[in-house]
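Protein chains in written order, with this note's numbering: chain S, 1 to 114; chain U, 115 to 228.
Hints listed in this document are in silico derivations from the structure and should not be mistaken for laboratory results.
Remember, it's a predicted structure, so these values are computed and weren't measured experimentally.
We treat Cβ as the ideally placed atom computed from N, Cα and C, and that holds for glycine.
Take these hints with a grain of salt, some might be off.
Said to hold, decoys possible - Stretch-level coverage of chain U by chain S, calculated; a stretch enters the list once three of its residues show a Cβ under 8 Å from a Cβ in chain S:
#, region
1, 136-146
2, 209-221
Stated by the list, open to error - Estimated spans, in silico, between C-beta atoms of each pair:
#, chain 1, residue 1, chain 2, residue 2, range
3, U, Glu215, S, Pro79, 26 to 32 Å
4, U, Asp177, S, Gly29, 29 to 35 Å
5, U, Lys129, S, Gly28, 40 to 46 Å
6, U, Glu215, S, Lys61, 27 to 33 Å
7, U, Val169, S, Ile68, 29 to 35 Å
Said to hold, decoys possible - Taking lysine to aspartate or glutamate pairs in the DMTMM-like style, the calculated list, with each CA pair at most 25 Å apart, reads:
#, chain 1, residue 1, chain 2, residue 2
8, S, Lys58, S, Glu88
9, U, Lys176, U, Asp188
10, S, Lys69, U, Glu214
11, S, Lys61, U, Glu197
12, S, Lys69, U, Glu215
13, U, Lys125, U, Glu182
14, U, Lys125, S, Glu88
15, S, Lys58, S, Glu20
16, U, Lys129, U, Asp177
17, S, Lys71, U, Glu215
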Amino acid sequence: AQSVSQHNHHVILSEAASLELGCNYSYGGTVNLFWYVQYPGQHLQLLLKYFSGDPLVKGIKGFEAEFIKSKFSFNLRKPSVQWSDTAEYFCAVINNNAGNMLTFGGGTRLMVKP
Amino acid sequence: EAEVAQSPRYKITEKSQAVAFWCDPISGHATLYWYRQILGQGPELLVQFQDESVVDDSQLPKDRFSAERLKGVDSTLKIQPAELGDSAMYLCASSSRTSEETQYFGPGTRLLVL
Numbered sequence: 001a002q003s004v005s006q007h008n009h010h011v012i013l014s015e016a017a018s019l020e021l022g023c024n025y026s027y028g029g030t031v032n033l034f035w036y037v038q039y040p041g042q043h044l045q046l047l048l049k050y051f052s053g054d055p056l057v058k059g060i061k062g063f064e065a066e067f068i069k070s071k072f073s074f075n076l077r078k079p080s081v082q083w084s085d086t087a088e089y090f091c092a093v094i095n096n097n098a099g100n101m102l103t104f105g106g107g108t109r110l111m112v113k114p
Numbered sequence: 115e116a117e118v119a120q121s122p123r124y125k126i127t128e129k130s131q132a133v134a135f136w137c138d139p140i141s142g143h144a145t146l147y148w149y150r151q152i153l154g155q156g157p158e159l160l161v162q163f164q165d166e167s168v169v170d171d172s173q174l175p176k177d178r179f180s181a182e183r184l185k186g187v188d189s190t191l192k193i194q195p196a197e198l199g200d201s202a203m204y205l206c207a208s209s210s211r212t213s214e215e216t217q218y219f220g221p222g223t224r225l226l227v228l
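Use the sequences and the hints to build the structure in full.
Set out below in structure tokens:
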């Protein structure tokens, strides 16, 4: 079965620090990749997505992610975090050969200290 | 901006009682999803509808859970009887025919079973 792994469950950073959250998936076929964010008290929001083309994807709020097919990875990055980035981040994958079933990772809770 | 609506936002019930959650997807979205998110984990798909038809309910515990989308618009998820382990956030999402891979999430219903 397809699985998505987020290795960092909790991350604490100071403002202006750089961020990289890891995401690895198990399926070897064609996939669509997503990062969702959930701010405290709010619903899941799409941060960015990758379907095809340039493996470096830019999303909202200065976030970007790089798809490395050989590593089955889709890591999320931001060069300089802000206190307002405090949230839970979820990586998710669609296996294109299995309909539109979205498989989520376990999430990474990011806390940014002011 | 159109959003997925869910109600109630919070529900407390006793075990063995019946509970029901309602979801109204973004207008025009043909595909509707119900997810369960246990605290500290990523969302897991319970059921997927395309219009009024069930596309995937392989992860739905059918002995106690049921879902319907009779007119292909809004949807209801029911649990009867509720068990302690059902305590979780229940999320609804929808996607359009032209961009099925991108799902938009509602605020969720947080269920506590006592």
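Hints versus structure:
Given a C-beta distance limit of less than 8 Å, the hint that chain S covers the region 136-146 of chain U is violated, as 1 residues qualify and 3 are needed. Figure legend: the region 209-221 of chain U, annotated as covered by chain S; annotation consistent (9 residues with Cβ-Cβ distances under 8 Å, at least 3 required). Between Glu215/U and Pro79/S the beta carbon distance is about 28 Å. The supplied range of 26 to 32 Å therefore holds. Between Asp177/U and Gly29/S the Cβ separation comes to about 33 Å, which falls inside the hinted range of 29 to 35 Å.
Range check, Lys129/U to Gly28/S: Cβ separation about 42 Å, and the 40 to 46 Å hint holds. One distance hint, 27 to 33 Å for the beta-carbon pair Glu215/U and Lys61/S, is violated here, with the actual separation near 21 Å. For the pair Val169/U and Ile68/S, the supplied restraint of 29 to 35 Å holds, since their beta-carbon distance comes to about 31 Å. About 19 Å separates the Cα atoms of Lys58/S and Glu88/S, which keeps this hinted pair within 25 Å; it holds.
A threshold of 25 Å between alpha carbons decides the hint, and for Lys176/U with Asp188/U the separation of about 20 Å falls inside it, so the pair holds. With a C-alpha separation of about 23 Å, the suggested pairing of Lys69/S with Glu214/U holds against the 25 Å cut-off. Distance hint between Lys61/S and Glu197/U is unfulfilled; the C-alpha atoms sit about 40 Å from each other, more than 25 Å. This hinted pair checks out: Lys69/S and Glu215/U have alpha carbons roughly 19 Å apart, not beyond 25 Å.
Annotation: proposed proximity of Lys125/U to Glu182/U holds, straight-line Cα distance about 20 Å (limit 25 Å). Pair hint Lys125/U plus Glu88/S holds up; C-alpha atoms about 23 Å apart against a cutoff of 25 Å. At most 25 Å may separate the alpha-carbon atoms for a hinted pair to count; Lys58/S and Glu20/S meet this at roughly 14 Å. Distance restraint check for Lys129/U and Asp177/U: the Cα-Cα separation of roughly 15 Å lies within the 25 Å cut-off, and the hinted pair is therefore satisfied.
Of the pairs offered as hints, the one joining Lys71/S and Glu215/U holds, with about 23 Å between alpha carbons and a cut-off of 25 Å not exceeded.
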